[in-house]
Structures are given as C-alpha cells and as structure tokens.
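Chains A and B, in that order, are what the protein sequence lines are.
Here the first sequence is numbered in numbering that gives the first Met the number 0, starting from 0 and rising by one per residue.
Here the second sequence is numbered in numbering that gives the first Met the number 0, starting from 0 and rising by one per residue.
Simulated from the structure, these hints should not be mistaken for laboratory data.
There's no promise every hint is true.
Said to hold, decoys possible - To give an idea of the interface, some chain A residues facing chain B are shown, with a C-beta separation under 10 Å as derived from the structure:
#, residue
1, L26
2, E28
3, K55
4, G83
5, A86
6, Q87
7, T130
8, T192
9, G202
10, R208
11, L209
What the hints assert, rightly or not - Derived list of chain B stretches under chain A, where covered just means 3 residues or more per stretch with a C-beta under 8 Å from a C-beta of chain A:
#, segment
12, 65 to 79
13, 128 to 140
14, 208 to 220
15, 229 to 240
16, 288 to 297
17, 304 to 316
Each residue gets a CB set at the ideal place from its N, CA and C atoms; glycine is no exception.
Single-letter residue listing:
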Amino acid sequence: MNRARDQILGAIRKSLADGEPRTTARLEELRFRIQNSRPQVQPEFDDDLLARFCQKHVAVHGTYERISAKDVESAVVKHLASMGLDAQWHLGSGPVLDATQWTDQVFVYRKGADRDTKAALSEAVAAVAETGTLVMCSGPTAPPSQNYLPDDHLVVVDRRRIVRHMEDAWTILRKSGATRGRAINLITGPSKTGDIEQTIQYGAHGPRRLHLLIVESA
Amino acid sequence: MSVSTASRRVEFQDRAKLALEDASLQRALAKARGGFVDHRQEAIDGLPEFDAIRDAARDIKNHVLANLDGYLELYEQQVIENGGQVHWARDTEEACQIIAGICKEAQAKTVTKGKSMVSEEMHLNPALEAAGMTVVETDLGEYIVQLAGETPSHIIAPAVHKTREQITDLFHEHHSPLGYTDRVTQREALVNEARSVLRERFVTADVGITGANFLVAETGANVIVTNEGNGDLTSCLPRVHIVTAGIEKIVPSLDDLAVLLRVLARSATGQEFSAYTSLYSGPRRPGDMEGPEAYHVVLLDNGRSRLLGGQYQAMLRCIRCGACLNHCPVYGSIGGHAYGWVYSGPMGSVLTPLLNGFDQSLDLPNACTLNGRCKEVCPVRIPLSDLLLKHRVEQHERRLSSGLGRLLLGTWAWLACRPRLYQGVMALPLRVMHMFGGRRGGLTWLPGASGWTGSRDFPAPARRSFMRQWQSRKVRS
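Given the sequences, and given the hints that come with them, work out the whole structure.
Structural data, given as structure tokens:
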C-alpha cells in the first residue's frame, strides 16, 4: 500500500515540470496558502440579506415563517398540524433550540432519525443569502440523519445568522471549530430528482418538504 | 494490430448507427436536449460574474495540479488527523481489491452506493458482487440503469436515455417480487416507489460508498453534491463509509471550494446550488450518536499522474459537470453508450484514449464537428475541442489513423507545397465539380466520398479557383 503511495507521488513529481521532491519548506508554502485563504470572486447583490435569503429559499421550493424565539413550539405544532401530523418530532440542537422549554403537550426525541421518521426539527449554524442555503453541522446532539430521513424537515434559523456569501459561513465554522466535526451539510431546498424524463420531482430520498422558522432575536 | 484497430473502428460506428436508429433513445434524447442548455443559460444570465468566477476556478485547478503531490500529502494528513484512512490505488484493479478488502473486513453483505463516475471507471460493482456482496446504486438514475443491467449514459443524468415507459417496465419487473405489485406509470408514483424500496436498503446497508466532487485539503473532507440526498444517506447510515476519488479532485481550502461550487451546479443542471452539498470527514466523532465507525478514502491514479505536465494536463481540471455533453451535437444525436466507455461526450472523447491508451477508441476524437461549444461552456475552461485536435494530430503522428487517409493527406500536402502544379492539377476536377453541382450549389454524389454525400451535399466549388480569379482581377485593375 505504501508502495502504491510512493509510486503515485513519484509519478506526479516526475510528470510535473520541476520534478523535484517536495521539501518540508514547499509543503509549508502550500499550508500557508491554505491558512491564509481568502474569498475570491463573489457575486454581488444588494444589502437586504433577509429578503435575498427568503427569495432564494422560496425559489427552491422551501417555505418559511418569521417568529419570535418564544413561539418556536407553537409554530412547530401548528405547522405539523397543517400537514396532518401529531406534535412529536426528532430534535436537533443549537442556541435557539437549546434555550427552548418544551411543554408537555409535545414529544421530542433527542436522537437520530430512522426509516419512518415523519418530522425533525434542527437548527442551522448559518444561512447563506447568496443561494438560500442552510448550513448544518453535526455534533453529539445534532445527528445528520435528521436532515435526510424525515418527510418534513423543519429548521430554525436565528435571523442574525444569515450571512452574505458561502465564505462568510466558512468563517463562522472555522471560528466555532465546526470544521472539525464529521459532517457539514449545506441544504438548499427539499430533496428532488430529475432522473425521470429530466422533470423535477420533489421528495426523492430526503425530505419532501423543508420549512424554515426564522427567529427574530429578542 | 491493424485488424483489431479496424474492428474497434467499426464498433463505434456500429454503436452510433444503432443509437441513431433506436427510436426510444432518440425520443429520450430529444426530450432532454433543450432543458439542460436552457437552464444553464438562465443560471448564467443571472450571474454577471460568471466568467470571472470561471477564470478563478481554472486558476485554482491549475494551481492544484502544479502542486498536486504536496496537496495530496496535506490532504492525507488531515484525513488521518480526523481518524480516517487513505488508500492509494495505482490502477482500477488495485482500487477494486482495496475496496473489496475493506468490505470483507467489515463483513459486509449489502453495500449502498452514491453516484460515482470513478467507481464506474473501476468497474467496482462487478468486483464487489464477485466477492459475494449485494451492491445497490441509490441515485435514482443509477438505480434505473443498474436494474436495466446497463451503464450510465450521461455523467450527471445516468438514465437520460430511458423513457418513462421503460422505467415503468423495469420497476414493475424488479419491484413486484418485493410486494409492489401495482404497475405505476406516473412520475411521482415511480419516484415514491423507488424511495420506498431504497429506504429499506439505506437503513440496512453495512457499507456506503460514495464518490467525491472535491477533496478539501484544508479539512480533509470529501464533498458530495446531489439533489436527492442519496449520497448523504449513503455517507451517514452504514457502519463504514468508503470514498472513491481520482487524485485530481483536491481543492486547497474551503474558499476555493466556494468558487468551484459556484460554477458546478450552474454548468451541470442550471441550478444556482444543488439541494445537498455535503462535506464529510473521518468517522463519527467521540460523543456523536451516529455516523460510520470507519472512514476510508481510496485515491485512484489510473493514468492521471502521467497526464500532468503534458499537453493534455488541462483535462485534469474537469469537474464532471456534463455541460460539454449537453452542448455537443454528436452526444445529442447518439447518446452516451455509443462512446463505449464510462465517460462520454467531448470530455469522454478526450479522456478515454488518455486513460485507456491511444490505440483504444480511435474514433472518439474524430467523432466531433469542431464546433467548439464544449470549450465555450466548460466551467474550468478546458479547451476540449483543441485537445480533440491534438488527439487527431497524435493519431496521425503515431500512424494510428487510417492508411488511406494518411496517404491522401500526404499527397495533398506534397501538392499544396507546389502551387503551380497544385493549380494545374486541381483545375480540371474543380471545373467538373462545378459543372455537375454549380447550379444547385452542392453535389449529391462524389466518387469515393459516399460517407459525406450519403447524408448531406458536398458544396460545389466555383468554376475557377480563388487564385485564378485573384490573378485575373489584378490584371484588370
């Protein structure tokens, strides 16, 4: 196995013009470039990030409502009821969700979703206005299966976490150490496929519907 | 060799002919044709910075290729730091052995797969099946193709060649034994049935295998881009996650990744961003309640390292978006299977001879009108049509092109270097051709050129050559 590694790296070095083996200094140069990497060309758009984010989210078949932090439970219950679902869901975590006191009117399962999960409620670490993308990070109380197995995926987003570009989300993740977790899931709309006659059909393998609760800070 | 060369030549032409005569393939291709092109155009019209971003994407890829060994080492360090393992495979056989080995060690019975062209390149499925495992493709298109016992005909839309009627038949045949006895024909019902069948597979699989659109050296993550979410279920649910990727898939940082993501989805499907773009690194972390216990990356060379530093290096920038296929009139007429290997369209015509050997698939670089649309739409600015020309030159130089063709070209070159003789020799045929076709502007038949005139007219020349006309005008003035 190591022989294969050495041979492949050797073949690369032989093919590249300078052909010299990479010294530690050379690796440091590349590492330096990574550590000092900066945003490059970015799309420009106007300053109302919330409006832009909502517009992009709706364009990819997402729905949303704006609520205050104290209304998370009632908003979720109401939304699920409108889908004909009971007040029970798999629960992820995040600053807003962790601060929410759940009443005994609802059942929350603090575990990964399974094959029959109807609904899950997660919290986005950031939301990107550029593309209407939610940034979800895995952790001990935030299992990624909740993003993909339920029929209905509800996501809480703190309004202050809406950032302009993808790179702004990276900045948040790097600072919080979330890039060291196993999964970073960027979600833009519900699951879909175009594999039958190149016509979009929603609910391929993942959630059929994606509903956002944009939480206004107190 | 000349015999086998000839037989391969016939193979491509036969496949192309069959494809042109295949009514349901033509129906499926016609249905797909405009969609991808129009959607891409709309997406690009909405992004004035697109060309600047393409330049940046090209530069990132060039920078990585020029430092590929270093970035591979940095990437490997990160994967190991995250608790994963990196395996290196010189060729496809070695890659299959490594993957089958990991699966056996995990005592895997069922393996789910996310869409991965590099695993198609490896012919991984037969290798795993030979090792006694059940392999299930989970991308809907790949799943359809797997049920049909075929290979993908498009790198991002594997079942683009299948009509709804054919999919209905396939599902009915394969799902009836599982209890889905109703024959469903509507798109929504078909998707739901596949969802239900595959959901069972996802939650019971022992090993999940995905490809990688990118490998990020900064974090050691593999990036997968899907719309269905199948790649994520494949990455998250099984005990073991294996990633297959070509060595050229590295990007240095997350900021570089952002640049490439801005061009990928737009070029592929015309979306601004695909529904699911995910970064996975290593196995589950301490404290995580789910996720694979083991994470392996299998890096495949298979001839790629040879292309570095050479005249085809630009091909390694390819991000497999499929835009060149969607814009190619040849692909649009014959579909992907006629190309004979996993990669089709312009990128396939360039890559297949490079990875499989120049004497293989000699027809591919010639099955091109040199209209240049592929080069125009490429998100990383690979000069595809120029590379196809280079292939032709190389075929000629290596004497792999047809003997008759080389003789004719040689004769013409010899003549063309002797202007007086050339004009003398050409005067008569020009006149005759003009006589027969001048009035209608084209010839419907030309001795020895039925390959051309069989399907279109040969433009008739003017009565007198350009040189003659030039001379007489000069005299007059």
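Checked hints:
Taking 10 Å as the C-beta contact cut-off toward chain B, the hint placing L26 of chain A at the interface holds, the least distance being around 5 Å. The criterion of a C-beta within 10 Å of any C-beta in chain B is met by E28 of chain A, whose closest approach is roughly 8 Å, and the hint holds. Among the interface hints, the one on K55 of chain A holds; its C-beta lies about 7 Å from the nearest C-beta in chain B, closer than the 10 Å criterion. A cut of 10 Å between beta carbons decides the hint on G83 of chain A: the least distance to chain B is about 17 Å, and the hint is violated.
Violation of the interface hint for A86 of chain A is found here, the shortest Cβ-Cβ separation to chain B being roughly 23 Å, above the 10 Å cut-off. With its C-beta approaching chain B no nearer than about 19 Å, Q87 of chain A sits outside the 10 Å limit, and its interface hint is violated. Because the closest C-beta pair between T130 of chain A and chain B is about 4 Å apart, less than 10 Å, the hint holds. Nearest Cβ of chain B to the Cβ of T192 of chain A: about 5 Å, under the 10 Å cut. The hint holds.
Restraint check, G202 of chain A versus chain B: the minimum CB separation of about 7 Å is within 10 Å; hint holds. Because the closest C-beta pair between R208 of chain A and chain B is about 12 Å apart, greater than 10 Å, the hint is violated. Hint on L209 of chain A holds. Least Cβ distance to chain B is approximately 9 Å, under the 10 Å limit. For the segment 65 to 79 of chain B, the assignment as covered by chain A holds, since 9 residues bring a beta-carbon within under 8 Å of that chain's beta-carbons and 3 suffice.
Only residues whose C-beta sits within less than 8 Å of a C-beta in chain A count toward coverage, and the segment 128 to 140 of chain B has 4 of them, enough to reach three; the restraint holds. Note: the segment 208 to 220 of chain B has 4 residues with beta-carbon separation from chain A under 8 Å; the three-residue rule is met and the coverage holds. A stretch counts as covered by a chain when three or more of its residues have a beta carbon under 8 Å from one of that chain; for the segment 229 to 240 of chain B and chain A the count is 6, and the coverage holds. Counting residues of the segment 288 to 297 of chain B whose C-beta sits closer than 8 Å to any C-beta of chain A gives 3, which meets the bar of three, so the coverage hint holds.
Counting residues of the segment 304 to 316 of chain B whose CB falls under 8 Å from any CB of chain A gives 6; the rule of at least 3 is met.
The structure fails to meet hints 4, 5, 6 and 10 from the earlier list, while all remaining hints are met.
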